[in-house]
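Residue numbers (our numbering), protein chains in the order written: chain V, 7 to 311; chain F, 28 to 335.
It should be emphasised that the hints constitute simulated quantities derived from the structure, not laboratory data. Values in this document were obtained by computation on a predicted structure and should not be read as measured data. Some hints could be false.
Said to hold, decoys possible - Which chain V residues face chain F? A few, computed with CB under 10 angstroms, are given here:
# : residue
1 : Ala21
2 : Leu28
3 : Arg79
4 : Gly83
5 : Met158
6 : Gly245
7 : Leu248
Built from N, CA and C at the ideal position, the CB exists for glycine as well.
Residues per chain are reported as follows:
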Amino acid sequence: MSAFVLRRLVDALAAVLGVSTLAFLALRLSGDPVALLVTEYATEAEIARVRQVLGLDRPLWVQYARFLGDVLRGDFGESLRFIRPAAALVRETLPATVELATAALLIAVVVAVPLGIVAALRRGTLVDGAVTVAATVGQSMPYFWLGILLIMLFAVRWGWLPSFGHGSWRHLVLPAVTLAMTPMARTARLVRSGLLEVLSQDYIRTARAKGLAPPRVVVHHALRNAAIPVVTILALDFGTLLGGAVVTETIFAWPGVGRLIVTAIQSRDYPVVQAAVFYLAMVFVLLHLLLDLLYARLDPRIRYQ
Amino acid sequence: MRASTPASATSSGVATLAAHPPAPGRALRGRRRARPHAIARAALAILAVVALAAVAAPWVAPHSPLKQEIRQRLTPPAWLPGGSAAHLFGTDQLGRDLLSRLIFGARISLLVAVLAVGLAGTVGTGLGLVAGFYGGWADRALSRLADIQLAFPLTLLVITLIAMLGPSLTNLVVALGVGGWAAYFRMTRAQVLSLREAEYVLAARCLGVPDRLIAIRHVLPNAVAPLIVLASFSMAQVIILESALSFLGLGVQPPTPTWGGMLADSRDYLAIAWWLAAFPGLALMLTVLAINVVGDWLRDALDPRLVV
Chain V
7 MSAFVLRRLV DALAAVLGVS TLAFLALRLS GDPVALLVTE YATEAEIARV RQVLGLDRPL
67 WVQYARFLGD VLRGDFGESL RFIRPAAALV RETLPATVEL ATAALLIAVV VAVPLGIVAA
127 LRRGTLVDGA VTVAATVGQS MPYFWLGILL IMLFAVRWGW LPSFGHGSWR HLVLPAVTLA
187 MTPMARTARL VRSGLLEVLS QDYIRTARAK GLAPPRVVVH HALRNAAIPV VTILALDFGT
247 LLGGAVVTET IFAWPGVGRL IVTAIQSRDY PVVQAAVFYL AMVFVLLHLL LDLLYARLDP
307 RIRYQ
Chain F
28 MRASTPASAT SSGVATLAAH PPAPGRALRG RRRARPHAIA RAALAILAVV ALAAVAAPWV
88 APHSPLKQEI RQRLTPPAWL PGGSAAHLFG TDQLGRDLLS RLIFGARISL LVAVLAVGLA
148 GTVGTGLGLV AGFYGGWADR ALSRLADIQL AFPLTLLVIT LIAMLGPSLT NLVVALGVGG
208 WAAYFRMTRA QVLSLREAEY VLAARCLGVP DRLIAIRHVL PNAVAPLIVL ASFSMAQVII
268 LESALSFLGL GVQPPTPTWG GMLADSRDYL AIAWWLAAFP GLALMLTVLA INVVGDWLRD
328 ALDPRLVV
């Protein structure tokens with residue numbers, strides 16, 4: 007078990023290192039960073055001095071080593087736009103993103119799991135058909151379009167909920183529902199098909215044959231086993247949510263990392279982009295690690311070598 | 028063992044009655060099986076319309092997508108009061124014809140989707156074929172890379188790449204292609220690993236067919252079915268992702284009309300011009316829905332083992 011955890015940790019580190027390297031290389035490849043820092047009136051001597059101060063005159067591998075050292079200390083440099091440490095900006099906005107993504111995931115689970123169960127238990131009925139159609143449509147609907155429609159109806163037309171900002175639960179409703187839709191649709195489909203597959207297993211017939219009450223069969227025997235792929239997808243969805251949050255936060259002016267990235271990209275504030283991507287990657291990689299460890303608890307058949 | 032459920036009883040009955048005229052039960056089953064095909068046909072029809080609009084945009088569109096008529100700005104759709112027969116879906120904030128912009132927007136969505144999926148599919152399948160067939164250190168390195176990349180959210184990866192490369196059609200395709208290769212790689216590799224041991228591969232080898240030909244002529248065609256399904260679903264995903272990037276201003280740049288860009292513009296006019304938000308979103312959803320339905324159908328048709 008501990009060897010497994012160790013191997014996963016190495017993998018996780020490799021992933022984060024890979025992302026950092028990508029960010030480092032792309033920044034160097036996409037043009038001269040100095041050009042972003044100096045005005046167009048800067049003289050050759052001034053440009054050379056900036057280059058020297060930033061260490062950009064050193065060989066690439068020296069720069070890379072220094073970059074890695076900085077990253078290890080959580081130092082991504084100063085935001086070119088806010089003249090503040092980029093990492094601090096990300097740390098300040100990260101909680102709002104986690105709040106939004108968590109709320110969205112909760113909404114998705116609370117709605118989708120019961121719908122998926124009902125659809126599977128009533129297979130072939132009108133209810134099943136309605137859930138399946140709704141899930142297919144939900145999966146195909148661009149979530150940012152849903153966000154716009156929600157704003158149009160609930161904020162602009164009826165004035166029930168605020169269309170932007172952060173603070174009370176009322177601010178959270180529209181962005182969280184927007185972000186929840188895609189994972190909701192996918193989870194409903196997955197719970198349905200997973201449960202249908204489990205319900206056709208021999209051990210379910212055994213449980214029924216020995217006279218267990220149907221609800222007990224469903225809850226104790228079927229759902230527990232159908233939960234494994236669902237938990238996997240939900241954890242992956244959390245990553246998708248972090249990505250989707252970039253768009254959703256922009257629509258609803260939600261003060262999270264996603265909006266920070268978009269504004270940073272628009273103003274070519276690369277230290278902030280690097281820091282934000284790095285932190286999101288960390289969150290995601292840690293989540294995967296936790297998920298792998300959770301598996302063993304959900305499915306005793308899984309033993310890690 | 029005797030059949031325990033009515034469904035399997037019917038199917039064994041069908042097998043024995045196969046040569047005879049269809050029994051009533053069989054006709055019913057046949058129709059129930061045919062139903063998804065009708066829906067899939069409708070989806071294929073929608074896709075055909077969208078593809079045709081994209082290809083023939085300059086001839087199909089009633090107006091130029093870029094021509095501004097400021098006096099006609101924010102004209103509602105033709106069937107509403109104040110609407111004009113000249114602009115079926117109304118006009119935008121600069122008086123540009125919405126329908127024409129939708130038709131030209133289909134070009135970008137489909138072009139990016141086809142190119143990006145083509146790039147990701149070709150690279151991923153090619154590498155997966157080589158890695159699965161020959162193994163070795165390259166296989167181990169690529170597998171590791173694919174695992175790591177698949178563990179990272181695609182949207183974030185693509186946004187990072189675009190942030191570094193800068194927004195343009197080419198960079199969009201490159202970023203989406205780089206983001207997508209790993210799924211094809213992993214699937215092809217897994218298929219090849221099992222097919223490599225097949226008897227017909229052994230037979231080909233005994234006949235002295237070179238490895239390269241075995242891989243391309245004998246292994247690849249048998250591994251292609253799940254790849255087609257994967258490609259169809261990822262095409263839907265790419266279309267949504269492309270429009271999300273255009274929405275953020277990180278996709279194809281204005282004035283080229285894109286569905287995502289049109290949705291972004293619509294946000295300033297939600298109170299007075301709902302059609303600006305409604306139609307691009309509807310076009311996007313119908314296209315993606317049609318692709319997903321076709322994907323579902325392909326999966327069911329190509330993989331009879333799936334129950335649901």
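Under 10 angstroms, Cβ to Cβ, is where Arg79(V) needs to be relative to chain F, so tell me if that hint holds or is violated.
Since the shortest Cβ distance to chain F is 22 angstroms, the answer is violated.
Hint Leu28(V) vs chain F: min CB-CB distance below 10 angstroms?
Hint on Leu28(V): holds, closest Cβ of chain F at ~7 angstroms, below 10 angstroms.
Do the numbers back the hint for Gly83(V), that is, is its least Cβ distance to chain F under 10 angstroms?
violated (16 angstroms)
Quick check on Met158(V) please, does its C-beta sit within 10 angstroms of some C-beta on chain F?
holds (5 angstroms)
Leu248(V) as chain F interface residue, shortest Cβ-Cβ below 10 angstroms
holds (6 angstroms)
Residue hint Gly245(V), partner chain F, criterion CB-CB below 10 angstroms:
At 4 angstroms from the nearest chain F Cβ, Gly245(V) passes the 10 angstroms test, so the hint holds.
Mind checking the CB of Ala21(V) against every CB in chain F and telling me if the closest is under 10 angstroms?
Constraint on Ala21(V) satisfied, holds at 5 angstroms.
The structure fails to meet hints 3 and 4 from the earlier list, while all remaining hints are met.
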